[in-house]
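J.: Fit chain B to the given chain A structure using the hints.
Line order of the protein sequences matches chains A and B. Going by this note's numbering, the first sequence runs without a break in its numbering and finishes at 280. Going by this note's numbering, the second sequence runs without a break in its numbering and finishes at 1347.
If you're looking for bench data, these hints aren't it; they were derived computationally from the structure. These numbers were taken from a predicted model, which means no experiment stands behind them. Accuracy of the hints is not assured; some may be wrong.
Unchecked claim - Take a look, some chain B residues computed to stay more than 10 Å from chain A by CB distance:
#1 Ser-1020
#2 Ile-1079
#3 Arg-1085
#4 Ala-1146
#5 Gln-1157
#6 Ile-1187
#7 Glu-1200
#8 Pro-1261
#9 Leu-1271
#10 Thr-1289
#11 Pro-1296
What the hints assert, rightly or not - Reference listing, derived: stretches of chain A covered by chain B, where coverage requires no fewer than 3 residues with Cβ under 8 Å from a Cβ of chain B:
#12 164–176
#13 238–250
A virtual CB, placed ideally from N, CA and C, is assigned to each residue, including glycine.
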Amino acid sequence: MEQLTYVLKRLFARRIVLIAAVTLLLIVALSIFFPFISSVDPNGISVMERLKAPSAEHWAGTDELGRDLTMRIVWGGRYSIMIGIATALFSVIAGTALGLLAGFFRRLDAPVMRVIDAMMSFPDILLGISLVSILGASLWNVVLALSVVYTPRVARVVRASTLVIRELLFVDAARALGVSTARILYAHILPNLLSPVLVQFTFIFAYAILAEAGLSFLGVGVPPEIPTWGTMIASSLQYADMAFWTIVFPGIAIILTALSLQIVGDGVRDMLDPKLRKSA
Amino acid sequence: MNGEAPPLIEVRGLRKYFGSGNAPIRAVDGVSFAIREGETLGLVGESGSGKSTIGRLLIRLVDPTDGEIRLQGRDIARISQRQMRPLRSRMQIIFQDPYASLNPRMRIRQILGEALDTHGLAKGKARRQARIAELLDLVGLSPEYAERYPHEFSGGQRQRIGVARALAVEPGFIVADEPLSALDVSIQAQVVNLLSDLKERLGLTMLFISHDLDVIEFLCDRVIVLYLGRIMEIAPTGILYRQPRHPYTRALLAASPTPDPTQRPENRPLLAGDIPSPADPPSGCVFRTRCPRAQPACGETIPPLTEVAPDHWNACPRVSEDSGQMTEDGKGGARDDFDTITQGTSS
Chain A
1 MEQLTYVLKR
11 LFARRIVLIA
21 AVTLLLIVAL
31 SIFFPFISSV
41 DPNGISVMER
51 LKAPSAEHWA
61 GTDELGRDLT
71 MRIVWGGRYS
81 IMIGIATALF
91 SVIAGTALGL
101 LAGFFRRLDA
111 PVMRVIDAMM
121 SFPDILLGIS
131 LVSILGASLW
141 NVVLALSVVY
151 TPRVARVVRA
161 STLVIRELLF
171 VDAARALGVS
181 TARILYAHIL
191 PNLLSPVLVQ
201 FTFIFAYAIL
211 AEAGLSFLGV
221 GVPPEIPTWG
231 TMIASSLQYA
241 DMAFWTIVFP
251 GIAIILTALS
261 LQIVGDGVRD
271 MLDPKLRKSA
Chain B
1001 MNGEAPPLIE
1011 VRGLRKYFGS
1021 GNAPIRAVDG
1031 VSFAIREGET
1041 LGLVGESGSG
1051 KSTIGRLLIR
1061 LVDPTDGEIR
1071 LQGRDIARIS
1081 QRQMRPLRSR
1091 MQIIFQDPYA
1101 SLNPRMRIRQ
1111 ILGEALDTHG
1121 LAKGKARRQA
1131 RIAELLDLVG
1141 LSPEYAERYP
1151 HEFSGGQRQR
1161 IGVARALAVE
1171 PGFIVADEPL
1181 SALDVSIQAQ
1191 VVNLLSDLKE
1201 RLGLTMLFIS
1211 HDLDVIEFLC
1221 DRVIVLYLGR
1231 IMEIAPTGIL
1241 YRQPRHPYTR
1251 ALLAASPTPD
1261 PTQRPENRPL
1271 LAGDIPSPAD
1281 PPSGCVFRTR
1291 CPRAQPACGE
1301 TIPPLTEVAP
1311 DHWNACPRVS
1321 EDSGQMTEDG
1331 KGGARDDFDT
1341 ITQGTSS
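Bound-form chain A, shown alone (with noise of 0.2 Å):
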């Protein structure tokens, strides 16, 4: 507990990255809660109301169909924010265990990154579309495709780490001792990775929601059934001219969550790193 109050005090210690981090609160809560508190339902077509400027009934004015866009980003939010977190999770649990095996065991090690490497040399987004093609467009595949994608960056910073723990004398004394191997890995190293995989977390959780956009755009990514962030930008595109609003407030969330995480992830890592650290 002691330890919890003496981490947050360090890690807010810079005004922007506390505004970053109740945003970012702020933005999740909401997504989570005010579907189940508000009686407006996103998907309620009205035609009457259809591109209706934002008003005092309309927040962020209605979309193509009249629905009721504050509802929809805060709707759409649940998608884009559980593709985020599950592709964050998924890319750090298979990087991790990727890169500690290359960083741990010598002879893995030149396999596992080239592999990785080859994968690191496509651009994300080119990687992303070409696996959601070849799996289909759905929301699971779009979170596996995104996991993919990202698993590399996890599996080097990972690897890097791995190669620097391991060689620490605490691991020598392990071996000394005659701890067995794998106790030596989820012991002794595995969490001493904890601040760079926390570190990556934060910053894959604002890629995946960036690429989701940027898939739903282009139309590979999840369906537009769904209202992700992603899809509603996609699908007002073409309204876009008369009715700037259907695109500028999806837009406007997207901004706002990536942004706050790259803050709070930022904030991470100065924390966790004692040469990047401004003296008090």
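T.: For chain B alone, coordinates are given in the frame of chain A:
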């Protein structure tokens, strides 16, 4: 020291080359010695002489390139890590850097508990807790520290925890790999006293690696002087300090700081230059490039260790020849003696 006690550890022709190809790093190059039960053997030498590598080889943290390591007669130099595992409770190591040798994410209770669990000791919650408290008490720490993390301790306290971890499995033999060099001088004395006390109480056999000649003199029964992966001289501590034979030992003793620098002899045989590269050691005697007494013949053959007096082995044939000149009256005498030798060679 009773010379008849069987050796606990016996090392023969031990070699460790790092890297491969034409010029591997010859960290340890054909070293043979024995450590008797209950004795504390000192290992001195400059940085890069292979001291730590020998310590790590003995407990198989590093695999030897060649040679034998016998633990009570059994050669453990080439057995698998799996076969080695049960033997690990008999030999432990204390590391140089107490800041890196404790996992920052584990509580002290977990660090010591891991040692116990690995060898199935002190099973059951109550016995385990009691044993951890006992271990902390043994190294002079309060049992309530068990719940803390390493970063909450000072360097000296961390080193005590490192000692407690090594003792947790009740080893008979401990490698102390420069356990003092990362500590403040005031703390060094505490840890030296702790080690000396534990050695007495637990009857430990120890290989004490250091470059601090004063600590070696205080703690050790016999001393090995190492240079560039080879043994220059082995002798009981008192004899080595009073009657050093090898020119390198003499230079080391002369370079050791004295409480009153004005009392140092004028013509101390201080060494110039650095230790040569272990990837390309000099032919013959490896010390000849810095030796004040080097002669052309020194480059021809590797001088073997020869017993110049009971239990006293020296690898320099030049000094054995004129050993009659040795004085018996302490360090100063040895230094004076050396001065006459160096003067002799320079004239």
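J.: Minimum Cβ separation between Ala-1146 (chain B) and chain A greater than 10 Å?
T.: holds (17 Å)
J.: Any Cβ of chain A at or closer than 10 Å to Thr-1289 (chain B), or is the non-interface label fine?
T.: holds (32 Å)
J.: With 10 Å as the threshold, tell me whether Leu-1271 (chain B) passes as away from chain A on beta-carbon distances.
T.: holds (30 Å)
J.: Confirm or reject: Glu-1200 (chain B) is not an interface residue toward chain A, with every Cβ-Cβ distance exceeding 10 Å.
T.: holds (24 Å)
J.: Say whether it holds or is violated: Ser-1020 (chain B) keeps its Cβ farther than 10 Å from all Cβ of chain A.
T.: Its Cβ never comes within 10 Å of chain A, the nearest being 14 Å, so this holds.
J.: Decide, holds or violated, for the assertion that all CB atoms of chain A are farther than 10 Å from the CB of Arg-1085 (chain B).
T.: violated (4 Å)
J.: Is it correct that the beta-carbon of Ile-1187 (chain B) has no partner in chain A closer than or equal to 10 Å?
T.: holds (18 Å)
J.: So is Ile-1079 (chain B) really clear of chain A, every C-beta pair being over 10 Å apart?
T.: holds (13 Å)
J.: Is it correct that the beta-carbon of Gln-1157 (chain B) has no partner in chain A closer than or equal to 10 Å?
T.: holds (16 Å)
J.: Holds or violated: is the Cβ of Pro-1296 (chain B) farther than 10 Å from all Cβ atoms of chain A?
T.: holds (43 Å)
J.: Mind taking a look at whether chain B covers the segment 238–250 of chain A? Criterion is 3 or more residues with CB to CB distance under 8 Å.
T.: violated (count 0)
J.: Would the least Cβ to Cβ distance between Pro-1261 (chain B) and chain A come out above 10 Å?
T.: holds (35 Å)
This entry does not satisfy hints 3 and 13, going by the numbered hints stated previously.
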